[in-house]
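Enquirer: Sequence:
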Amino acid sequence: MGTRGQRTIRVFGVVQGVGFRAAARAEARRLGVAGWARNEPDGSVRSAAEGEVAALLGFGEWCRVGPPGARVE
Numbered sequence: 441m442g443t444r445g446q447r448t449i450r451v452f453g454v455v456q457g458v459g460f461r462a463a464a465r466a467e468a469r470r471l472g473v474a475g476w477a478r479n480e481p482d483g484s485v486r487s488a489a490e491g492e493v494a495a496l497l498g499f500g501e502w503c504r505v506g507p508p509g510a511r512v513e
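Each residue of the sequence shown is one higher than the last, beginning at 441 in the numbering used here.
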């Protein structure tokens with residue numbers, strides 16, 4: 441079994457109203473990552489993730505791009 445970890449990610453840009461949270465949930469499940477994501481009042485999305493370090497790194501990379509329609513800054 442690999443090393444487990446936790447990560448908090450905050451994503452800015454056009455990330456609300458484009459399905460970011462639903463797509464993040466699907467990607468996290470695909471990678472075996474648990475956690476949550478919520479819209480913040482400033483227009484960002486904040487997520488907390490827990491899982492194998494390699495999966496967390498993959499999830500973080502996905503968050504840098506997001507789903508189609510998102511424009512991550």
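Some clues are possibly wrong.
[Stated by the list, open to error] FRET-style restraints, in silico, Cβ to Cβ:
(1) Glu513 with Gly442: 27 to 35 Å
(2) Gly483 with Gly442: 29 to 37 Å
(3) Gly500 with Gly459: 17 to 25 Å
Hints listed in this document are in silico derivations from the structure and should not be mistaken for laboratory results.
What you are looking at is a predicted structure, and each value in this text was computed from that prediction instead of being measured.
Positions of the beta carbon are idealized from the N, C-alpha and C atoms, including for glycine.
Enquirer: So which of the earlier hints does this model not fit?
Expert: none
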